[in-house]
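Asks: Since the structure of chain A is provided, determine the placement of chains B, C and D with the ligands on it from the hints.
Those protein sequence lines, which keep their order, are chains A, B, C and D.
According to the numbering used here, the residues represented by the first sequence are 236 to 587, in order.
According to the numbering used here, the residues represented by the second sequence are 236 to 587, in order.
According to the numbering used here, the residues represented by the third sequence are 14 to 346, in order.
According to the numbering used here, the residues represented by the fourth sequence are 14 to 346, in order.
Take these hints with a grain of salt, some might be off.
As the list claims (entries may be wrong) - Computed Cβ-Cβ distance ranges for the label pairs, DEER-style:
| id | chain 1 | residue 1 | chain 2 | residue 2 | range |
| --- | --- | --- | --- | --- | --- |
| 1 | A | Asp380 | D | Pro186 | 20 to 30 angstroms |
| 2 | A | Arg263 | B | Asp464 | 55 to 65 angstroms |
| 3 | C | Gly128 | B | Ala530 | 35 to 45 angstroms |
| 4 | B | Gly250 | A | Glu503 | 57 to 67 angstroms |
Think of the hints as simulated: they come from the structure by calculation, not from any bench.
By construction, the Cβ of each residue, glycine as well, lies at the ideal position given by its N, Cα and C atoms.
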Amino acid sequence: MPDRQETVRLLEPDGTAVPGAELPAPARLLEGYRALVRARRLNEQAGALVRQGRLAVYPSSRGQEACQVAAAMVLSGADWLFPTYRDTAAIVARGVDPVEVLTMLRGDRHCGYDVAAHRVAPQATPLATQLLHAVGVAHAARLKDEPTVVMALCGDGATSEGDFHEALNFAAVFRAPVVFLVQNNKYAISVPLHRQSAAARLADKAVGYGMPGVRVDGNDLAALLSVLDDAVDRAGAGEGPTLVEADTYRMEAHTNADDAGRYRDESEVASWAGRDPLRRVRAWLTGAGHLDAAAEQAVADDAEAMAAALRTGIAAEGPVDPEELFAHVYAHPTPQLREQRDLLRAELEVTP
Amino acid sequence: MPDRQETVRLLEPDGTAVPGAELPAPARLLEGYRALVRARRLNEQAGALVRQGRLAVYPSSRGQEACQVAAAMVLSGADWLFPTYRDTAAIVARGVDPVEVLTMLRGDRHCGYDVAAHRVAPQATPLATQLLHAVGVAHAARLKDEPTVVMALCGDGATSEGDFHEALNFAAVFRAPVVFLVQNNKYAISVPLHRQSAAARLADKAVGYGMPGVRVDGNDLAALLSVLDDAVDRAGAGEGPTLVEADTYRMEAHTNADDAGRYRDESEVASWAGRDPLRRVRAWLTGAGHLDAAAEQAVADDAEAMAAALRTGIAAEGPVDPEELFAHVYAHPTPQLREQRDLLRAELEVTP
Amino acid sequence: MSTADPTEPVKLTMARSINTALRDAMTADPTVVVFGEDVGPLGGVFRVTDGLTAQFGDRRCFDTPLAESGIVGTAVGMAMNGLRPVVEMQFDAFAYPAFEQIASHVAKFGNRTSGRMRLPMVIRVPYAGGIGGVEHHCDSSEAYYAHTAGLTVVAPATNADAYGLLRAAIESPDPVVFLEPKKHYFTKEEVNTAVPVPPIGRAVLRRPGADVTLIAYGPTVPVALAAAAEAEGLDVGVVDLRSIVPFDDETVCAQVRRTGRAVVVAEAPGFASVASEIAARVSERCFHHLEAPVRRVTGFDVPYPPPKLEQHHLPGVDRVLDAIDTLGWEDAA
Amino acid sequence: MSTADPTEPVKLTMARSINTALRDAMTADPTVVVFGEDVGPLGGVFRVTDGLTAQFGDRRCFDTPLAESGIVGTAVGMAMNGLRPVVEMQFDAFAYPAFEQIASHVAKFGNRTSGRMRLPMVIRVPYAGGIGGVEHHCDSSEAYYAHTAGLTVVAPATNADAYGLLRAAIESPDPVVFLEPKKHYFTKEEVNTAVPVPPIGRAVLRRPGADVTLIAYGPTVPVALAAAAEAEGLDVGVVDLRSIVPFDDETVCAQVRRTGRAVVVAEAPGFASVASEIAARVSERCFHHLEAPVRRVTGFDVPYPPPKLEQHHLPGVDRVLDAIDTLGWEDAA
Ligand SMILES: Cc1ncc(C[n+]2csc(CCOP(=O)(O)OP(=O)(O)O)c2C)c(N)n1
Ligand SMILES: Cc1ncc(C[n+]2csc(CCOP(=O)(O)OP(=O)(O)O)c2C)c(N)n1
Ligand SMILES: [Mg+2]
Ligand SMILES: [Mg+2]
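Chain A extracted, bound-state conformation:
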């Protein structure tokens, strides 16, 4: 495991490899680049859908796409992903249809995709609560001797919640096969990191749980893949959890409803634009001869096709059956819910 003081980086912001860096295979980086471009396009398309009134709100991961993509890429099909509201791109990178993911923000249902089929938990809103579920899935796998690793995502703000603490502690004591990836994007809505924690590095929180903590450049896909691969391997080998802090930045406001001008300077945002996660992989791939104009075009076309399908899918809006209100609260509706359903049914028969 890397030393406590460093931040792991394999590619410099301009795309040159750090001397001595062991990069992931070019094919993997190319696959990652394709996913990064899709993720960026997804963020843009979802933002546009909000402006068009098709989605209620969208928390963008622009600037954090490398974390999104790496979190999904290091997992196998048997593994689980635990995303937050900001991690739509990670879910899509895992292979879930973006339309299914975003029907939640269209207002249709609380979770539009099949959690069990994809091994992707519902996007968590109550901060840090999902980390415990991740530990539970991991611990259950361990008890059943199943080779599952769980990737649990949260933000810098969420590290302040009690559930963060309980999750990391349970994971360490149980040696649960889970990787905690904190996307330190420097803000919790308006609250900057230094008002969130006095620790030098969020990765240092690992020390208090007796687990390894690693800080990685969160805009460096190569470094993320390397660090997360190690953590996943470690978990899979029964050596327990790892805390990974990704040093990244939320380029957009918290959501479209937020006004970031109230609490941060444009100059700060601009300084991070120079560390764009897409550009550095692209520069390396191009420089190393793995990405020519035709391949670049294919990548762009692929992303554009996804965006088009998303637009169509979100526009193809059907009504939601009002009886869905009652159908899933319990496996078998209680007599009380049947009565209430009948009341609504009667109302709708009068004024459908």
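Replies: Here is chains B, C and D with the ligands on its own, set in the frame of chain A:
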């Protein structure tokens, strides 16, 4: 601040000073010894009162008396103490009448002493919750520019609660003048430390909050005074909180209702008997010529007088006015509570 | 930045009314401090604390780390040490992490110390639905607080009450859970901030009526008023509770006895709710005056639904009118 | 170490009945796991999990770090991944740190996933008072759960039900909050573990009666039965709800309609409580059969008192008899 790896000790278990140790002044150690003997006597007397049916239950701090005494001794009158159910001896060391403290366990009221007058919070039962209150008192003092330091106690088990995490983080971010003293007595009821935390030392939890963490021999009064003095000074100087882990041992069962034989060996208990906190101060004081037989007798008499007064006070049991049920729920009872009080009053008039 | 001419009522949104109450309380009493998530420079996600840090400084209004138990627990300590904290929970469901602090300490501290130390603090909760919010942003959580002895629970329905009752809550010697119907944050109404601070615990008859009494609080008061206005051929009165704890039996029962019929209207799921309490006490206390069973029109016993279904879940005017229709009019004169 | 001859009823304490239910469920279904604070080698502070680790090993019954949100949150994940966790909250008030997990996840997960993934898990809570416990050890917390849509809430009153309903709770596809009246842990009664697992949601008439119906659950069922036995000149029936959610309107209302008079008996503070719900629904549904208002005999609206005052707080036989006396007998035939 001492190095992260060491456990601070000034007196060896046999009472010899660690070479180069800067011991507290002999008069202070003598005062401390008197308090230790009182604390031990208090634990014994309270245990006896339980066996006689005078108290419902008593969580003994036998073996942890040095922590109890030091926590109180390092505070000034303007400071605050936040004790748990196990810290009766610390409250008494702060100067509160043991009878007042123990009326709670006699079943009279939830808190028998005057919290504001003594600047001692009610003994906390819900684990780790009081740590946040301690931070609040400290932060309020800071906002008001008052020179208050807060000593907050908890056990090893309580470090696993979310509130522990939130309290340490708030304290560090606010630079609140608070000292967290974790009495690591190795058990949370039946659960041993290694099932509570995978960390090498509980003091290491400080790292993740960006505050200093110190591990101290919790059975060494001299070391505790020294470490806690430093932490209190630091807090008072506006430099923020410190986490202190005291390495100690719960010599008795969790409470009299517990059966420790179900989960630990007598041999383990016996090994800790060799590290008794009273004996080592006594040995040093005697060896250094600060404690002769007469002084020792005075110390014993003092403790015995306290125990006698406690027996008398607890035996002088009066009835509790049933209307106390309603009197303090709100500053002014609601109409609903007045109605309910009248109902009870009417019942009691029929069958008083 | 203070209120305009305080002798004249002005048109304010509810968010602004609450903001003005905070501002006026902070001006009047230097021990009042405001904190929570994003309440500082951002001014809160609903802008309720807008400008307070700028006006009063970072020691009087500040952001905390992101932890609700931490916020409430710290407030307890600050109240123990002479301040009057007013904390914001960002949304209803995000107060749940603070539940232990609220139920085991905030509610019980004054009683625990036999009244020797009380906790003057206010927990503001933007609550209830109707804003098309995603899950966890629309819970009606009042029953949890109302059931917890030791809490005062206030739910204003008008902007004037939002101002006045918040001033009263901040002045209360006891902890108050202050429930703000977030769907009305941006509704404008006349508010006169010069009126004296009202006592907590008095309901008000918003609309007199001889035939039926609708009992509501917070977000359903406008629904009840609209239903009363639409009820054909019936004279429907509306009582606005304003405070759930203490409960104003006098006002409520006087009106129900007059009408002999009552419907409780509340957004929260009905089971074991505040609406249950109202129905139970009215049924008991007005038994001999009742011409028909007390009906409850409440949210269904389901988790708050996704936006596309909320209109079916929320008690609306039609559902209230339907309930009125069931009140045994065939037997009426 | 399994149950003796299962065809014969045996005398067991409630703690032992629950222990036997856990043991039998763990034997029957390898996915059942038990965890919590001190449930392993110690066997729980009430010895309810005594011997489970010894019999089934540390992977089936184990101690966790001390954190209730952690326990419940981990259980959620384990239920997501094919296990059936049965977790213990050490005492009622120590479940409050888990409130967010319970209210925002346990209760809502099946609905959130449109039923595609449900959470079969049981949260056992030793609850209610009467044991002379210090603060935080005697809360009657059922209203918090009963109000939270998506939870099943069960409160056995007899040892046989403690056994049977816990087996049913563990087999339920949905999360169950299982409330164990701790004051009866060491009361012995006959239990036949060979009877089929009963469905959850059925109340039972524990004692027929023509004049008044007492409605109770959990720890107040014995109080109601004692009051019924002592009521002079009146034929008093007792309904034991057994399950609070789902609620058995049919059994309750049938009995109340028969008697025309009802008293609800529950330990929790009465305001916005399960007792309120029962009184409200009985008042509404049996309106035309009621000869007198439905009375509630509940704990007062105060924090649970210190041991010396608990006898004044808890609803006892005399208070129930007093309530029966107020049921308008002067008008009766
Ligand atoms: C328990 C809880 N409290 C408050 C909120 C409201 N809230 C939503 S996002 C957010 C900020 C989270 O910051 P961070 O964890 O850094 O994640 P980011 O949004 O930056 O990805 C807050 C306060 C919530 N969702 N859950
Ligand atoms: C929130 C909460 N959960 C559970 C309990 C029950 N309980 C009381 S003491 C205790 C063990 C505490 O261990 P530790 O913190 O090490 O303190 P010690 O008793 O050893 O002094 C437990 C589980 C509690 N009081 N509060
Ligand atoms: Mg962030
Ligand atoms: Mg301990």
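Asks: Run every hint past the structure and note whether it holds.
Replies: Now the hints, each set against the structure:
For the pair Asp380/A and Pro186/D, the beta carbons lie near 25 angstroms from each other, so the given range of 20 to 30 angstroms is met. Taking the beta carbon of each, Arg263/A and Asp464/B are about 57 angstroms apart, inside 55 to 65 angstroms as hinted. Taking the beta carbon of each, Gly128/C and Ala530/B are about 44 angstroms apart, inside 35 to 45 angstroms as hinted. Between Gly250/B and Glu503/A the beta carbon distance is about 59 angstroms. The supplied range of 57 to 67 angstroms therefore holds.
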